[in-house]
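Asker: Chains as they are written, first to last, in this note's numbering: chain V, 1 to 80; chain G, 81 to 309.
Any given hint might turn out to be false.
Sample of chain V residues lacking proximity to chain G, with all beta carbon distances greater than 12 Å (derived) [as the list claims (entries may be wrong)]: (1) Ala3; (2) Leu6; (3) Leu28; (4) Asp31; (5) Arg34; (6) Thr52; (7) Lys53.
One-sided and incomplete, this derived list gives chain G residues near chain V with beta-carbon spacing under 7 Å [to be verified]: (8) Leu119; (9) Ala186; (10) Lys298.
FYI, nobody ran anything at the bench for these hints, they're computed from the structure.
Note that the coordinates shown come from a computational prediction; the quantities given were computed from them, not determined experimentally.
Glycine residues also receive a C-beta, built at the ideal position from the N, C-alpha and C atoms.
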Amino acid sequence: MRAKVLVTLKSGVLDPQGKAISHALGALGFDGVREVRQGKSIEIELDETDRTKARATIDSMCAKLLANPVIETYSVELSE
Amino acid sequence: MKSAVIVFPGANCDRDVAVALERASGIAPLMVWHRDTELPDVDLIVLPGGFSFGDYLRCGAMAARAPIMPAVVARAKAGVPTVGICNGFQALTEAGLLPGALMRNAGLDFVCRDVHLRVEEADTPFTRRYEKGQVIRIPIAHGDGNYFADDATLDRLEGEGRVAFRYVTSDGEPTDAANPNGSRRNIAGILDAGGTVLGLMPHPERLADAALGGEDGKPFFRSIVEHLS
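The following block holds chain G by itself, in its conformation from the complex (with noise of 0.2 Å):
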């Protein structure tokens, strides 16, 4: 499995999500300047999380106009999977790939612990080694991971089944206080229509690792290598 890691300055999770995926597939990704124009052929592409050009504008705004993003957006187009944590999710909204917008969290409070998801979709590329409905715990740290689209898109993605994770309580309920950033209907991650292009606000390369305090994060990447293999 060749993957490629698109490294922006301000970036801070692309060497986590590289040890990730380098842990589970066997071999280290490239690591892809954001200024570099041309994408080397790969089978994965990950957005990593950070701050990439420290949040100026919109949190994701620049790095989604960066040169690197036109080569990402027609492989991501063309069904190469992608997958955008955080910073990431927001580059990936901003660039269009995905519906909607990641705002200011509701509390306006930076957000840095670890929360309850449901997996929503265990029938993709991401996903399939969990279970659907199944609860896992995976850190989060963000200040603008507030999930916001108008009622009709967000009525498409449930009825689409791309809701891919939402916040909910340890016993799996989408409860408002289980909800971190006032997320629109819980949603912590969406897919896009082809069901290849995912984006999460969660951090799962965070707790892939035993070392780390837990492993909730490990079968996300297992479930990409297994997709590819």
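Just chain V, with the same shape it has in the complex (with noise of 0.2 Å):
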């Protein structure tokens, strides 16, 4: 099974980076950009082939190092 984790900001934690892109999209000529928020993807390839298994495991690993909860939030997608 593959699991895709995406991490990201929580809203609220001002993000420098997303603000620096927006600032860089602005300065490309595009215009009406509101709000850029930047996050990272980690992909991890599991031998686990029960969905109900993998989402466990994946969440015990975002919250043991994945992600930090005090200024993070994740997301879980899952093939097969």
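Since each chain sits alone in its own frame, please combine them into the complex, following the hints.
Answerer: Quick look at the structure:
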């Protein structure tokens, strides 16, 4: 099973990188950009074939390492 | 005074802090490799500055999960004075020993220069040789020193006297202009609830010898020695 974990900053947490990207987009002439938030994507290949178990493992990985709950939140996409 | 400096791959201030500790105490600290799982019986634990594990994932995230860390966390929670400088501060927050997180500098620049700090608490194992409110000059060198915590946590830190250092002007004012990285409430260093774990972004070990251009960092190490003697 393949998992795609998307880690993003919580809303309300200032994202200086997103802000810089937003400014750069404006400088390139892209108007109407309201906000940019940058995150990171982590792809994980698992031996596990059971979706529920795989999801539980990924949640545990996020809690222990992949995301910092003080500033970040995450979402998980599972595929065969 | 027996102290241990935890050595992580990518740390680059482990020797500097060892020199400062040896000068202050007369005893060279033990250099403990991050893959060790047992920590010798010591009076002080130091997590040094640098770029452990290349700052991969998040600064300090890998260091906080290194094999030595369960022993460090257990000892720190038992009250052994523990200090994390720069990358070490990041690792202490990642390990859950200190609240909040260190984010990318608000200006996105890596900031490497001397800053002025105000000593907010002088009644700690790390600051007793300073005076409360004293303004000192200490170098910073980081890209991710932007201290973040929610309002409730910040209020608690302030209410409990756990903000150890703040970025200020040379006159001691915590203005926006004196804040080099966007840290909330100009916070440069904080203590844990027991007052024995300190994390700070500035590097006192880099200005603890006249030959380095200043000695404002010297009392930091003298404080620890005095506290432990």
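Asker: Evaluate each hint against the coordinates.
Answerer: Hint-by-hint comparison with the structure:
1. Here alanine 3(V) stays apart from chain G, with its beta-carbon at least about 16 Å from theirs, past the 12 Å limit.
2. At roughly 14 Å from the closest C-beta of chain G, the C-beta of leucine 6(V) stays outside 12 Å, upholding its exclusion from the interface.
3. Listed as a non-interface residue, leucine 28(V) keeps its Cβ farther than 12 Å from every Cβ of chain G; the least gap is roughly 18 Å.
4. Chain G leaves aspartate 31(V) outside its interface by the beta-carbon criterion, the shortest separation being 23 Å against a cut-off of 12 Å.
5. For arginine 34(V), the shortest C-beta to C-beta distance to chain G comes to about 20 Å, beyond the 12 Å cut-off, and the non-interface label holds.
6. A cut-off of 12 Å between C-beta atoms confirms that threonine 52(V) is not in contact with chain G; the least separation is 26 Å.
7. Every C-beta of chain G lies more than 12 Å from that of lysine 53(V), the closest at about 23 Å, which supports listing it as non-interface.
8. Given hint, leucine 119(G) at the interface with chain V, is violated; its Cβ is 21 Å from that chain's nearest Cβ, farther than 7 Å.
9. For alanine 186(G), the interface hint holds, since its Cβ comes within 7 Å of a Cβ in chain V; the closest pair sits about 5 Å apart.
10. The beta carbon of lysine 298(G) is not positioned within 7 Å of any beta carbon in chain V (closest approach about 33 Å), and the interface hint is therefore violated.
The structure shown violates the earlier hints numbered 8 and 10.
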